[in-house]
Every structure is written in structure tokens, then in C-alpha cells.
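Novice: Please build the complete structure, drawing on both the sequences and the hints.
Residue numbers (this note's numbering), protein chains in the order written: chain L, 1 to 309; chain Y, 1 to 362; chain S, 1 to 340.
Treat the hints with care, as some may be off.
[What the hints assert, rightly or not] With a cut-off of at most 27 angstroms between alpha-carbon atoms, the simulated DSS-like pairs for lysine-lysine come out as follows:
(1) Y/Lys81 <-> L/Lys122
(2) Y/Lys77 <-> L/Lys123
(3) L/Lys214 <-> Y/Lys130
(4) L/Lys7 <-> S/Lys166
(5) L/Lys214 <-> Y/Lys77
(6) L/Lys123 <-> Y/Lys81
Hints listed in this document are in silico derivations from the structure and should not be mistaken for laboratory results.
As a plain string of letters, each chain reads:
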Amino acid sequence: MAKYLVKRIFYLLLTLFIVITVTFFLMKLLPGTPLQNQQKLSPSQQHLILKQYGLTKPVWQQYLIYVGGVFQGNFGTSFQFSDQPVSYLISSRIGPSLLLGIQAMIIGVIPGILVGALGAIKKNTWVDTTTTIVSILGISIPSFVLAVLLQYFVGLKLQWFPIADWGGFSYTVLPTIALAASPFADTARFTRTEMVDVLNSDYIELARAKGLSKWGVIYHHALRNSLIPVVTIMGPLAVNIMTGSMVIENIFSIPGIGEQFVKSILTNDYPTIMAVTIVYSVMLMVVLLITDIVYGIIDPRIRISGKSN
Amino acid sequence: MQSKETILKVNHLKINFNTYAGTVKAIRDVSFDLKKGETLAIVGESGSGKTVTTRSIMGLLANNAVVEGGTIQFHDKDVLKMSQKQLEGLRGAKIAQIFQDPMTSLDPTMRIGRQIAEPLMIHKGVKKDKAMAQALEMMKLVGITDAENRINDYPHQFSGGMRQRIVIAIALINYPEILIADEPTTALDVTIQAQILNLMRELQDKISTSIIFITHDLGVVAGMADRVAVMYAGKIVEYGTVDEIFYNPKHPYTWGLLSSMPTLDTDSGELASIPGTPPDLLDPPKGDAFAARNPYALKIDTEQEPPFFKVSDTHYAATWLLHPDAPKVTPPDQIIQRQAKFAAMQKEAKQQHKIEEEEEQQ
Amino acid sequence: MADEVKLPADSFEPLDKSKHLDSEKIAAPNLTFMQDAWRRLKKNKSAIIAMIILIIFFVLAFGSAFFSPHNPNAVNPQLANLPPKWPGVNINGLNGTLVQAGSRVNAYQAAGAGAGVHYWLGTDYLGRDMLSRILFGTRISLTVAIVATAVDLLIGVTFGLFSGWKGGWVDNFMQRVIEIIMSIPTLVVVVLLILILKPGMSSITLAIAFSSWTTMARLIRAQTLELKEQEYVLAAKTLGESSIKIAFKHLLPNLSSIIIIQTMFTIPSAIFFEAFLSFVGIGISAPQASLGTLLNDGQKNFQFLPYQMWYPAIVLSVIMIAFNIFADGLRDAFDPQTKG
Chain L
1 MAKYLVKRIF YLLLTLFIVI TVTFFLMKLL PGTPLQNQQK LSPSQQHLIL KQYGLTKPVW
61 QQYLIYVGGV FQGNFGTSFQ FSDQPVSYLI SSRIGPSLLL GIQAMIIGVI PGILVGALGA
121 IKKNTWVDTT TTIVSILGIS IPSFVLAVLL QYFVGLKLQW FPIADWGGFS YTVLPTIALA
181 ASPFADTARF TRTEMVDVLN SDYIELARAK GLSKWGVIYH HALRNSLIPV VTIMGPLAVN
241 IMTGSMVIEN IFSIPGIGEQ FVKSILTNDY PTIMAVTIVY SVMLMVVLLI TDIVYGIIDP
301 RIRISGKSN
Chain Y
1 MQSKETILKV NHLKINFNTY AGTVKAIRDV SFDLKKGETL AIVGESGSGK TVTTRSIMGL
61 LANNAVVEGG TIQFHDKDVL KMSQKQLEGL RGAKIAQIFQ DPMTSLDPTM RIGRQIAEPL
121 MIHKGVKKDK AMAQALEMMK LVGITDAENR INDYPHQFSG GMRQRIVIAI ALINYPEILI
181 ADEPTTALDV TIQAQILNLM RELQDKISTS IIFITHDLGV VAGMADRVAV MYAGKIVEYG
241 TVDEIFYNPK HPYTWGLLSS MPTLDTDSGE LASIPGTPPD LLDPPKGDAF AARNPYALKI
301 DTEQEPPFFK VSDTHYAATW LLHPDAPKVT PPDQIIQRQA KFAAMQKEAK QQHKIEEEEE
361 QQ
Chain S
1 MADEVKLPAD SFEPLDKSKH LDSEKIAAPN LTFMQDAWRR LKKNKSAIIA MIILIIFFVL
61 AFGSAFFSPH NPNAVNPQLA NLPPKWPGVN INGLNGTLVQ AGSRVNAYQA AGAGAGVHYW
121 LGTDYLGRDM LSRILFGTRI SLTVAIVATA VDLLIGVTFG LFSGWKGGWV DNFMQRVIEI
181 IMSIPTLVVV VLLILILKPG MSSITLAIAF SSWTTMARLI RAQTLELKEQ EYVLAAKTLG
241 ESSIKIAFKH LLPNLSSIII IQTMFTIPSA IFFEAFLSFV GIGISAPQAS LGTLLNDGQK
301 NFQFLPYQMW YPAIVLSVIM IAFNIFADGL RDAFDPQTKG
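Specialist: Structure follows, in C-alpha cells:
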């Protein structure tokens, strides 16, 4: 286990390194400098500004400085807000995004598991059909459509929750629902498929032959075997949520890093774009690492390998 | 064999399955009984209905199964009329089952000690520690080495043979009256097969369980069974004691099965087989279902199904060949050899009986 | 036991087999894999309905030139923001009236439109016909999605097939590459690529394709690893067939079901990405219409003129739902696993 962990962390750092490098050189390919946001300046003034951003140095030097900076938490200065270090931009905004993300994860996954399991247990009945329809809707209706709908109907017409901005808990409700729809649907579908497979397997039949009641079988045997694989989709789910947050934060005007990312793109604020990319990648890699480890722990076939016969 | 009490009676069982393609008549009139302490082997090809029959005894039929008729009497109660709760009380306690594939029969994420103890906890309300202790005893009984240390292991840590022993432990822990063994050794190596069969015989003696043994392997039957029922296309075509079936078979299908089994006496040359495939039970043929593949078929085989004809008190076969008006046919060579042996066995038994009688009179 | 019933006299004569029974008869008709899959698909009513809906949308979208009543880009400022009007229909929402400041107003009259003028789905803020814009927009969205998926397919299948077939360190290396790409959230990759390639239909298409080929590659690789252990592959190798030939003749046909299914799932994903990018402003740019830009335009007026967002949203959602249901049905048809 420890050896595995070390190997994974090594790969994580390596990947991170590559991501930073690739992102850096990609950004170098792009036109656009801090100058674009200023008015006409004399050449010497332009040079001063470029120097301030360190852009007058040779590229490889810029690269090394950048990488060094990243590992110290310094991502440079924003092109868009010339007095703001990017790291500040990110740190001040990461809170809302994390909060939304975690909330969406929880209210997406847990109901998703319940609904998916229920659909499998009551396969081919109206319960199953309903839950399947709800899942398909959740997957297919784009989150931004859902977001606008929620804003309009629940926020505006019913006035149950605020439709934008960030304040207390109530401001998080609508965005979380919009963000959780897709993870919910994915989890429900996946759980259902797994559960159906499990319910069809030999050991479940044997459990019934032992005299366990239907729900007894589900509780003691089926649930555990169905839920273990669910851990494996947590990675893609996290991606889903990160993607969705860019959209949702935009629509609900939430001061998170997703909204910042979109703004940076529209203003060609490269340091911020790069930083956000790196932050997203780190988050994703950490999630993947955690899910791998958790899966390795909870599945006894992996935790205890091979035959001791 | 003294006469023992009958604990299970299957009467004229008829079961259909509703499928997309239509209604499959899987069991078309099956009757047999099971006595205490005996081993009944049910032999037949895939699709003959062996598994469905035993599933119905435990009430574990699939959702699309419809029982068209018949009763299954277990100690004078009809299983087919029992509620789920009553059935759950039977399963794992009075009637237990072991399945074919030990690699998939066990819950991969539950420790095996717990899996063995489960039937105790369900049916007898035994508390966990006591149940685990009994499970440990059971593990030793079925021959799992180093049981104390292995009781908390997971199924994937055991070999196929060991897993099947675990499955047997689970089935027998409540000392059931009937053990249904559905091809328990088919998925195992031949050497392990022998071990498992030995184990089952030993345990049967210790616990005096009756066993219904399903298999397509006649070799296994010879070693295990007291009586044999041969199934084809949803019906029993012949049944009798193991000697009668092996050495005095009367149904052409049984002849075919026995002829296709190579023995030490088999000459070189082509191995006999029964050409063709079993009929489609969506639309069973009129008359005898075996007629299409029966080299001894008679005209009446396409018109009427043969009833059971008596060969002895314990031996019945459903073939028109046993009708008094039927022509005398010559069975395959192998069968003739067997029948010769049977005649010899009968003679010996008679002489033995005579000697015993004389001894008694003295 | 023995019968007492009278039986016809010739009952016990041997049966003439040749005339009566065929022991080798195969009861069910013989079907190829595709035929069998099609038969199963047909039974799945929702999948068939989804398929029909998709076909309708495709025909409408790609024949948009024939079906559009107006030029989607023709600007008509005085006829801006008109609600839908269906000739002869007098249901609110379809009769050209709007609720303005609390009372219902006939918007067409107010704008001075002629008597015969009607727009099936209304007009947008520049007076452009919504129906035509939606038709053309759907075409663009679908085109982007399909081309992106095709490129995705090409890269993914080749990569996965090569990686799985070669095995060893080549496979290992290629898998690391995939892992690295997968460490960056898809949307981020898409966005970065668009930044570099400059927004436009082709760059979006490439960006979407590039970000999602990894899923296909992984699936194909896993399946290839399984397939190459099959005996018929071993047989082909023994017979001296070149790897490329084996790939085309043996592996690809067996991979085809996975490829088709995955493609059907990728398309809605691509449609979503395009819609999102255009919605946010870095995708297709105005005045060209795509479902995403239409949603963006519509959002601005959602409070008072909700139809401007409803209709593109419904079209987008229905297409995605239909694709998902159809893909589900295909997967069940190709790979039946249900027991009874």
C-alpha cells in the first residue's frame, strides 16, 4: 500500500509538472500582452511594463522562474487586474467554488445512489421507469438551461431563493441544484446498472437459498457489492462538477474560480488562465488519487491480494 | 435397503416460462419422490429441466415462471402453495442448495466465516460469536485446512475446490433434510471432484441428509446415487435404482447416454453419440419428444406420449418399446453387455438370498 | 401404468424417419450479429422513438435551406421581439400576443406588421426569424458535434487499438499520455485549444474532438487487450497475417459495437460543449447561429420574452435526450445481458 501511494504521488507530481510546462508554452504561443489593456504608450513605457511582468527575459528563463514560482504559490500578476497577484485572485475565489462543488457532490451522489438502487430493485416497474426518466433528463438537459430555468421559476416567480450573487446559505441552493443534476443522473444510472448486475449474480441466488428475505439479501450482500464500484466514477464526476461550475457560477454571478476563468478568457488574462488550469488539474489529480486509494481500501479483492492457500 | 420414509413427493409438476419468443414448456409432467437418507440423481442434457425442477422445490423460480399444475409435497405441505416467508423458513434450514460454479457462488466482499454463519443467525437466531464458533467447526468438518486463521479470509483467497467446500459448509450448517446439489463438481478438476464427492458422502452419513444430485455425468452418478431419474425435454423418461439404470436400462435415450460414455470395456472405434439436439420447448413435438433422435422409434411415438411401463417395483420407463405389442428390438452392443452383467448380478443375488434363507432356517 | 386404450393396428411399426422428423432441425431463423442486434433494438420502443426523433431533426436541420421560411440572418429591426404566431391558431403563446405591462397586446399590430406576416416561433431582438435561426443553428450544432465526434473516433480508435495491440512499454507510455490529458478537466482543455486556434467552427470542432478522444481510446484499448488473447487472433497471426490486416479484418468488426455505442454517447457531449462555449461567448460567434448562441441571445430577454430561450432550449434538450436514449438502446441491443 505504501509503495503504491508513493508511486501514485510521484506520477501526480510528474503529471503536474507536465501540465504546467504545456500550459506555459501554450500561453507563450498566444498573442496578447498586458499592453492590450492600456492606452497608447510610448515604446519605453511599453518596455517598462513588459519588464515589470518579466516578459523581456528569454523564454526558458521565464519558464524556470514560473515553475519555481508555482511551487511557492506565486502565479504571477494578472493581466486584467494589473495590481493583483494571481494567487490572490484565486485564493479569494476558491472558497465559493469548493463549497458549491462539495455541496453538489453530496446532494448529487447520495440521492443518486438511492434512486439508482431503487430502480434496480424494482426493475421494470413504474418506479424503475420513473427513475430512469429522471436520470436521462438529468444527463441530457444542459446544466446552463437548468440553471436559467431554476432562476426563472424558482427564483423569480416563486421567490423561494435568490437568483444570483453570493451571501448566505440560501444563495447556494439554486446553483447547487443546477450543478448537482448531472452528477445525480450519472450516479443513478451507474448504480442501477451495477445493482442489476449484482442482483443477477450467483452469490445473490445463494444468499436467497440460505433463506434471507429479499430485503435481507439487498442489505447484507447486494448493497455493498454495488456501491464499491461507484467510487470509481467519482473522478469523472469531479470533472463534471468542475466543468459545470464554470457555467453555473457564470449564470448565478457567483464569485468563484469558474467565473474568473471565463472572465480571464474573454480578457486574455493569461497568467490567470494558466493558474486556474493548474489549480483545476491539481484538484482533479487529488480527487483521482483519493478515489483510487479509497477503492483499494474498500474492495477486499484489492486490499488483500491473491491466494494464501 | 430397508424401506424409509418419503420426505419429498413431486407430483405431475408442470412449469411454463413466459418469454419474448413465446411460452416455453420447460417441465411437462414430472413426478418423483425422495426418501430419507437416500441420494437421488437426476440426469439429463442441458435444457432437460433438471435445474428448473430443483429450483421449484425451493420456490426460487424466475419471475416469468408459471406453475401450470402439480404439487410438491414436503412432509405433507405443498411447497408451491407456501408464502415467501414460509419458503424463506425452509431455505437454508430444511432444504439447502449448492450451486455449480464455486467461483461465483460466494459474496466476494464478505468474510467467509460470516457467510457460513449466516444461515445459523437467520434461522436459529444464534448470536454472532456463537454462530462463528459453529462456523469454525463446520469449516473443519468440510476439510478446510488452518480453519482458525482462515475464518476471516475472503473468497478470492481460496482455490475452487476450497470454495466449494465453503459452499457445502454453508448448505449443511443447519443440518438440512434435503440437500440439492446442482452439478457441484462440473466446474472442478477431476481430482478435486473426487475429493468433493467423498466429502459429500461422508457428510451425508454423519447428518443423514437426503441428496438430490443433478448432473450430466454418469460416472459421478455411479459413485453417488442410490436411485436415478433420467430427464429429457421436461419429462422423466426412466427411473430406477442405480443398478437397474446402469445395467438394465430400457429407454432408448438411456441407452444412448450409457453408450456414449467411454468405459474400460469400450473397444476402439467411433464413440457413439446421440445425433441431433433436444427439441424446442416453445412448441414441443406431438408424442414422444425423443422420437426425432430415437433410432428405435415407432409410428406411435409421433402420435402419443408413452406412459410409464413397469419393469420392476422400483424401475419404470416411459417408452412404447415396453408395450406388449411392441416389436423386440436389439439394443446397442454396450447395452447388451450391461444387461448380461445385470442378469449375472441377479443370479448372484438370488443365490445369496437362498443361502441367507437356508441359514435362517437353521 | 400399462395402457388399456385401444391403439391403431400399425402403431408399433418402426418409424420411417426420412418422412417424418428432422432431428437436426434448427427451430429459430439464422441471423447475423447485426440482424440480431437490430431485432433486439426494434423491441425497445423508446429507443426507436428516439431514433425517429433524431432522424426528423437531422432532416430538418440539414435540409434547413428548404425548410426555413425566412433567411436566418435577415435583420428586421421594426419586427423585433415578436412572439410566435401560428396562422389560424388562437392560443395564448401562439397567437402573436404578449403580456406587456399587465395587459395582453397584439405585438404584430403594434409593430406594424402586415396581415399575412407570421413567424412560427417569433423573432429575436434583431427581428430575425426564430424558426429559421433554430433550424440553421441546429444544423451548425449537429455538424460541429458530428465532425468532432468523427475526429474523436479516428484519433481514439487508432490510439487505443495501437496501444492495446502493441502492449508492453509502448502501451504503458501511451496510457501515461492519456492520463496526463485526463488530468486536466475537459472544458479547460477545450477552452485552451480554442484560445490558441482562435474561435470559429473548425477550431471548436478540433478542440472538442481533442478533449474527448481519450475516453474512446481507453475503451478501445481495454477491448483490444481482451480480443488479442482470443484464439482466432492467434490463428491469424500463425497464418502470417500482418498486424494491419488483423486489425482491420478481425479486431475492428468486433470493436464496432463499442465504437458505435460510444459514438452515440459522444455526440450529445459534443453538442453540449459547443452549446456551452457559444453560450459563454467563446464558441461560434455572432451573427452565425448555433443552439448555444441562440440560448445566449435568449437568456438576455428571458424574463419578458421567455420563448426566445425556451425554443432553442427545448430543441437542444430533446436532441440530447433522444441521443442518450438511443445510445442506451443500442448498447442493450448489441450486448444483451439480462437474464429473463
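Novice: Each hint needs a verdict: does it hold in this structure or not?
Specialist: Status of the hints after comparison with the structure:
no.	hint	verdict
1	Y/Lys81 <-> L/Lys122	holds, 24 angstroms
2	Y/Lys77 <-> L/Lys123	violated, 32 angstroms
3	L/Lys214 <-> Y/Lys130	holds, 25 angstroms
4	L/Lys7 <-> S/Lys166	holds, 24 angstroms
5	L/Lys214 <-> Y/Lys77	holds, 23 angstroms
6	L/Lys123 <-> Y/Lys81	holds, 25 angstroms
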